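**Q** These are the residues of each chain, in order.
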Amino acid sequence: MPTDGRTQTYGFLDQLSTEQLLNLLRADFDSSEDGDDEQIFQILEVIEKRERERAPDSLPDAAQAWEDFQTYFNTPDGTGRSLYPMRDSAGKSAAGTARRRRRPLKRLLPLSATVAALTVSCMVTAQAIGFDIFGALAQWTAETFRFEMGAADPASEALRQAVQGTFDECGVMIPAPIWYPEGSMLARDISVSKDTEASVILCGFTCGDQSFFIEVQQYYQNDRIPSYTLEKDAAEVEEYSSNGRLFYIMSNLSSSCAVYSSDQTIMVISGDLSLETLKQIIDSIGE
Amino acid sequence: MCRAKKLTLMFVTLVFLIASLCQSASAIELSPRASLYLNGYGAGIYPGTSKGSVRIDFTVTATTYSDYVGVSELIIYKSSGTRVATITGTVANGLLREDDAVHLGHYTYYGEPGGKYYAKLTMYAERDGGSDSREYLTTTCTAPS
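These protein sequence lines are chains A and B, in that order.
Numbering-wise, numbering that gives the first Met the number 0 puts 64 at position 65 of the first sequence, and it's gapless, one number per residue.
Numbering-wise, numbering that gives the first Met the number 0 puts 95 at position 96 of the second sequence, and it's gapless, one number per residue.
List of simulated lysine-lysine pairs, DSSO-like, C-alpha gap at most 27 Å:
1. B:Lys-50 <-> B:Lys-77
2. B:Lys-77 <-> B:Lys-115
3. B:Lys-50 <-> B:Lys-115
4. A:Lys-193 <-> B:Lys-119
5. B:Lys-119 <-> B:Lys-50
6. A:Lys-193 <-> B:Lys-50
It is worth saying that the hints were derived from the structure and are not from the lab.
What you are looking at is a predicted structure, and each value in this text was computed from that prediction instead of being measured.
Turn these sequences into a full structure, and let the hints guide you.
**A** In structure tokens, the structure reads:
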């Protein structure tokens with residue numbers, strides 16, 4: 000009769016044959032999970048007890064067994080090989096590896112799903128607030144792929160088209176800015192001064208109680224470009240590169256100004272603009 | 000000794016005073032040249048299409064829409080420095096533009112064939128009763144002969 004809880008739990012081991020007990024030991028050895036140490040201990044006790052009962056004096060000579068092990072098993076060509084012969088060991092090993100791989104994946108899957116759901120919900124919320132996340136992701140044609148910010152804003156797009164149309168009429172070689180501060184509108188019709196040697200385009204915008212201008216001087220001959228002077232205060236001039244163009248940003252008292260010059264074109268962006276807003280406009284000028 | 004001390008003190012004070020005045024003068028010279036009315040301007044002088052003529056092209060940009068923007072005075076000189084023409088800018092002669100923020104214009108002077116000329120322009124912008132101007136000198140150009 001079992002007299003303690005441990006014996007009661009593992010009492011079934013006595014019912015198993017020695018071969019079955021050895022199989023249990025092999026199975027625990029192959030498993031990647033932590034085995035039941037108590038069960039292993041009980042199995043070994045049962046096997047030892049049976050060996051003692053069978054032939055008390057026939058217990059293996061430990062010294063001889065160690066010598067045999069060193070001679071036949073612990074050799075250089077046995078390195079990395081299993082001590083016990085395995086049936087379908089490759090399959091069992093692969094299965095064990097697969098089980099181990101699936102375990103981290105199973106843990107990561109709910110985490111990934113949670114992160115993805117949070118990201119999408121944040122994007123939807125941002126879109127509702129007014130940030131055009133989805134519109135700013137990507138645009139592509141058959142030949143090019145690019146990211147564009149603010150391109151989908153209808154008001155900015157209308158301004159861009161108006162400015163670009165005038166640029167095209169005068170042969171301006173710089174694209175119109177795509178982005179304009181929220182609430183911007185043309186103060187009046189775009190002013191165009193044309194000459195045989197040059198055209199000057201002036202786009203005046205209002206944005207609330209503030210105003211700013213985009214001026215482009217397009218010269219049609221290389222030798223007819225004048226030396227152009229801009230008024231500025233004592234603040235430092237900042238060089239700002241964007242889309243392959245070098246702008247010089249300066250201030251003229253309360254007004255900020257960014258100027259770019261290349262070949263036969265001079266572009267000046269000026270007005271009641273913060274430095275950040277000025278740079279956003281500059282960044283929206285495509286290549 | 001007392002007198003020597005006094006003289007030394009006076010000398011040091013004088014040096015300090017002169018140094019202060021110089022500093023003030025240099026500070027004035029280094030003060031910013033920003034403008035409430037003018038944003039930018041440029042001009043060039045080029046050979047004209049006919050003998051002896053030179054053409055002066057200019058662009059003047061105001062800081063915002065202004066009552067008048069352009070060139071308020073144009074003076075043409077020979078390369079020797081002799082003044083040969085003075086033109087007052089008006090809307091009628093194309094040197095000034097009304098109710099705008101930028102003016103692109105030109106003026107043609109008919110001088111001597113082969114003559115060398117340069118121009119001094121007074122860039123100008125006026126708005127709400129206030130105005131500002133800057134002088135601009137061009138390079139020298141040879142009229143066609």
